[in-house]
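Spelled out, the chains give:
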Amino acid sequence: MGLDFSVVPPFAAALLTGALWTIAITASAAVLSFFGGILFAVIALYAPLFIKLPFRLFAWLFMGTPLLLQLFLIYFGLIQIGIDLPAFVAGVIGLGLHYTVYNSDIIQSGIRAVDTGQYEAARTLGLSRIQALRKIIVPQAVRSVIPPIGNNMIALLKDSALVSVIGVAELTLSSQMAISRTFRPFEFYVAAAACYYVINLGLEAGLRRIERRIQIAR
Amino acid sequence: MTDRPIIDIRNAAKSYGSLEVLKDISLQVKRGQIVAIIGPSGSGKSTLLRAINDLDPLTSGEVWLEDTQVNKKLPTRQYEAHINAVRQNIGMVFQHFNLFPHLNVRDNITLAPKMLKGLSKAEADQLAVEQLNKVGLLDRIDYYPSQLSGGQKQRVAIARALAMKPKVMLFDEATSALDPELVEEVNLVMKQLAEEHMTMIIVTHEMGFAQDVCDRVLFMDQGVVVEEGPPEVIFKAPANDRTKNFLRKHLKGQN
Ligand SMILES: Nc1ncnc2c1ncn2[C@@H]1O[C@H](COP(=O)(O)OP(=O)(O)OP(=O)(O)O)[C@@H](O)[C@H]1O
Ligand SMILES: [Mg+2]
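If you read the sequences in order, they're chains A and B.
The first sequence begins at 0 in numbering that gives the first Met the number 0 and counts up by one.
The second sequence begins at 0 in numbering that gives the first Met the number 0 and counts up by one.
Calculated from the structure, these hints are not laboratory results.
From a predicted model like this one, the values you see are computed outputs, not experimental measurements.
C-beta: ideal position from N, C-alpha, C; glycine also.
Some hints here could point you the wrong way.
Just so you have them, the derived chain A footprint on chain B, three or more residues with Cβ under 8 Å [unchecked claim]:
hint : stretch
1    : 105-116
2    : 134-147
3    : 172-179
Computed Cβ-Cβ distance ranges for the label pairs, DEER-style [unchecked claim]:
hint : chain 1 : residue 1 : chain 2 : residue 2 : range
4    : B       : E231      : A       : A112      : 35 to 41 Å
5    : A       : G76       : B       : Q77       : 45 to 51 Å
6    : B       : T58       : A       : N150      : 55 to 61 Å
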């Protein structure tokens, strides 16, 4: 049985839908992990210990265990305590929190790298600690760490394939469904890979644009 | 009332561990007065200046701004609200400008007035225009700090401080980080402020400027004010040997 890519076009619509779900879940988790990362970073650096500690424990758990396990826990495990999340929501939360922890690490180092003179200048004008943090420190920290955060987002896109195991019909699961009907794994996995590649190109182009836009504002 | 000092420092002392950086310094500055603080590196000039807005809190002693004690002891929360209100009256200009690089010139100037004084966008923009006009940089209103020269950055930093309509301006070596050819444009802005009778305390290494602009000169060494007086006296006929030594070294290159 040779390769025959003509089996793919009839499933183009299904694959495209899958690709759109991949984009949706990646974008949602990216937004969650970006703002979550800022929140976690600020807590890790400035909150009192009794708030800091539970967050630190949470961060260890999310860094030290497999993402796949986390997804299972959120989707299948939480049902036992009465939290029945739709697969898409469970996927966004799992991916989002996982990358929140990674983004938080990067943003923390970005905050530490902002010159103390920036904080002093803000405070001298009369801004409170929180105002200085919100308007001066965090925006600069985030700008300085856009490249490594971007790398995380690319990893996030690829990890989004994992949510296929909890039944989100994203790109990977869509191609598996096509395979189960055609028994053509090679063709469909290659087709899916090509789709991921194209999405990735779009993501990278977007990141480059953001980086260019913030260049002068550094 | 007019003779009340606007800044009143009473027995200021500051230590880092066993290192005494300020030793019982008292200083009164009247409205419209322009005071220069000179002295060798490490003598405590910046520490004293930064004690005025409590950026470097004193170990003991009091700082008063008119009838408000700047460094009064309060519970943390109350102190925060108090100091934020006080600092709005004290403008500060730093050696390294400390402009906010992620904001353009307009937003650098209007951020604090908008947040703290509730100015509308239109009012704030008008304020930015006024202040930039003053420092001669209206055409740079949409620029980012990274697109400005050092002298321009410092002039924007002065405009930013002035936009809060402070009662006093503090300058910590405002021209030390600048290339020599850019010093004059900043000095001109400061001279203009002097003509408008802005109260200023200026830490500087530029003896010529201190001589031209200031009403009073303080010479500090090792945490004490060794000698103070009008510039004619301090620069032309200093009484103290330490002052003489310092000036001999520092006036060599100038004049
Ligand atoms: N955070 C700190 N911890 C310990 N020592 C400090 C600290 N900040 C300043 N000092 C010391 O306090 C002394 C006075 O410093 P200060 O910056 O006020 O001097 P200065 O007169 O402004 O000097 P320069 O002309 O170099 O700016 C110096 O000996 C300095 O090493
Ligand atoms: Mg200094």
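Each hint tested on the structure:
Counting residues of the stretch 105-116 of chain B whose CB lies closer than 8 Å to any CB of chain A gives 4, which reaches the minimum of 3, so the coverage claim holds. Counting residues of the stretch 134-147 of chain B whose C-beta sits closer than 8 Å to any C-beta of chain A gives 3, which meets the bar of three, so the coverage hint holds. Using a Cβ-Cβ cut-off of 8 Å, 0 residues of the stretch 172-179 of chain B lie near chain A, which falls short of the minimum of three, so the contact claim is violated. For the pair E231 (chain B) and A112 (chain A), the supplied restraint of 35 to 41 Å is violated, since their beta-carbon distance comes to about 48 Å.
A hinted range of 45 to 51 Å for the beta carbons of G76 (chain A) and Q77 (chain B) is consistent with their spacing of about 47 Å. Taking 55 to 61 Å as the suggested C-beta distance range, the pair T58 (chain B) and N150 (chain A) does not conform, at roughly 47 Å.
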